[in-house]
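Heads up: the sequence lines are chains G and U, in that order.
With this note's numbering applied, the first sequence corresponds to residues 1 to 154, in that order.
With this note's numbering applied, the second sequence corresponds to residues 1001 to 1129, in that order.
Mixed in with the good hints, there may be bad ones.
[Stated by the list, open to error] Over the 12 Å line for every Cβ pair with chain G, so calculated as not near, a few chain U residues:
hint, residue
1, Met1001
2, Asn1004
3, Glu1043
4, Val1052
5, Asp1056
6, Phe1110
7, Asn1120
8, Asp1121
[Unchecked claim] Covered stretches of chain G (chain U as the covering partner; in silico rule of three or more C-beta atoms under 8 Å from a C-beta of chain U):
hint, region
9, 60-72
10, 86-98
[Claimed, not checked] Non-contacting residues of chain G with respect to chain U, defined by C-beta distances greater than 12 Å in every case (computed):
hint, residue
11, Gly25
12, Glu83
13, Ser105
It is worth saying that the hints were derived from the structure and are not from the lab.
The model shown is predicted, which means the values in this text are computed figures rather than measured ones.
All residues carry an ideal CB built from backbone N, CA and C; glycine is no exception.
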Amino acid sequence: MSDTTTQSVQEVFCEVLASLAFMFGDPASPQDLPPMGEPAMMATIGFRGPTAGNLTLLAPRSLAQELAANILGIEPDEDAAGEQASDALGELMNVTLGRLLTTISGDAPVFDLTPPQVSDANDEQWQQFVEAGDAVAVLIEDKPVLLRFTLDGQ
Amino acid sequence: MAFNILIVDDSKVVRSIIEKTLRMGKIPLGELYFAGNGKEALELIDQHWVDVIFADINMPVMNGVEMIEKLSENGVTKSIPVIIVSTEGSTTRIEHLKSKGVTAYVRKPFAPEEFNSVVNDVLGTTNNV
Chain G
1 MSDTTTQSVQ EVFCEVLASL AFMFGDPASP QDLPPMGEPA MMATIGFRGP
51 TAGNLTLLAP RSLAQELAAN ILGIEPDEDA AGEQASDALG ELMNVTLGRL
101 LTTISGDAPV FDLTPPQVSD ANDEQWQQFV EAGDAVAVLI EDKPVLLRFT
151 LDGQ
Chain U
1001 MAFNILIVDD SKVVRSIIEK TLRMGKIPLG ELYFAGNGKE ALELIDQHWV
1051 DVIFADINMP VMNGVEMIEK LSENGVTKSI PVIIVSTEGS TTRIEHLKSK
1101 GVTAYVRKPF APEEFNSVVN DVLGTTNNV
């Protein structure tokens, strides 16, 4: 991933996070992230158009829950926040990718986005992301998040 | 006058946000209907009259583009105002949707004031907040 794309991924993700959920992220380096230390989730969303690829995110489950709570205007420990954590993470990815594609490709090309896929993630997947060399890191209230923007064929 | 609303999005969180935003904006609401994709939305419209449809574009089973094309083929449903609420940024696609009768477009993430301003314009109501 080029430095320009890396910067775009970080900037767009942080802008969307702030607008959608009033949460604030700081760009970081994958090697400098604190250990996950809790159950994690992975969210992937694909795009097809003049180019095709995926945007994938790894984040702590507690962050997804807080995201849902902020979006819905409820407390993080309410049942609905836990129940809709996956949905909230998927929607964060949906909005981020839509904005990112416009930033990278302009507003003329047409892209189709796939439904977000959200699942549990493990330490091995986290380590694979860090070692991939193309992951983008963000710290959200001291919690680590990794993102990978990949084009098909890479 | 109260408006029957249909909200079409595969995200339950987004459906909740749109409902909440409409209530905050004191839009006069009648019945509220929810669908997770275009196919469900068309089935609901077959059974219930709606005054306005809020629809995402990227959805499983039947996406928003396909749903809008189906609505535009029917003499009755083609007159229902459709407001696209989407992350879509392509002017090419937005112009295509407007040619199919889409009334307005709100890009996610949206501020409540911006959203309700568009809704009031489409419905011809006054913002009572």
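Status of each hint after checking the structure:
1. Every CB of chain G lies more than 12 Å from the CB of methionine 1001 (chain U), the least distance being 28 Å, so the non-interface label holds.
2. For asparagine 1004 (chain U), the requirement that its beta carbon stay farther than 12 Å from each beta carbon of chain G is met, with the minimum near 24 Å.
3. The claim that glutamate 1043 (chain U) is not at the interface with chain G holds, since no C-beta of that chain comes within 12 Å of its own (minimum 19 Å).
4. Separation of valine 1052 (chain U) from chain G is adequate, the least Cβ-Cβ distance of about 22 Å exceeding the 12 Å criterion.
5. For aspartate 1056 (chain U), the non-interface assignment is contradicted: its Cβ lies about 9 Å from the closest Cβ of chain G, within the 12 Å cut-off.
6. The claim that phenylalanine 1110 (chain U) lies off the interface is violated: its Cβ sits roughly 9 Å from the closest Cβ of chain G, which falls inside the 12 Å cut-off.
7. Every beta carbon of chain G lies more than 12 Å from that of asparagine 1120 (chain U), the smallest distance being close to 22 Å; the non-interface claim holds.
8. Taking the minimum C-beta to C-beta distance to chain G, about 22 Å, the non-interface status of aspartate 1121 (chain U) holds against the 12 Å cut.
9. With 3 residues bearing a CB less than 8 Å from a CB of chain U, the region 60-72 of chain G meets the requirement of three and the coverage assertion stands.
10. As drawn, the region 86-98 of chain G meets chain U at 8 residues by the rule of a beta-carbon pair under 8 Å; at three or more, the given contact holds.
11. For glycine 25 (chain G), the condition that its CB be more than 12 Å from all CB atoms of chain U holds, with the nearest at approximately 15 Å.
12. Non-interface status of glutamate 83 (chain G) relative to chain U is broken: a Cβ of that chain comes within 12 Å, the nearest being about 9 Å off.
13. With a cut of 12 Å on Cβ distances, serine 105 (chain G) falls inside the contact zone with chain U, its closest approach being about 9 Å.
Checked against the numbered hints given earlier, this structure breaks hints 5, 6, 12, 13; the rest are met.
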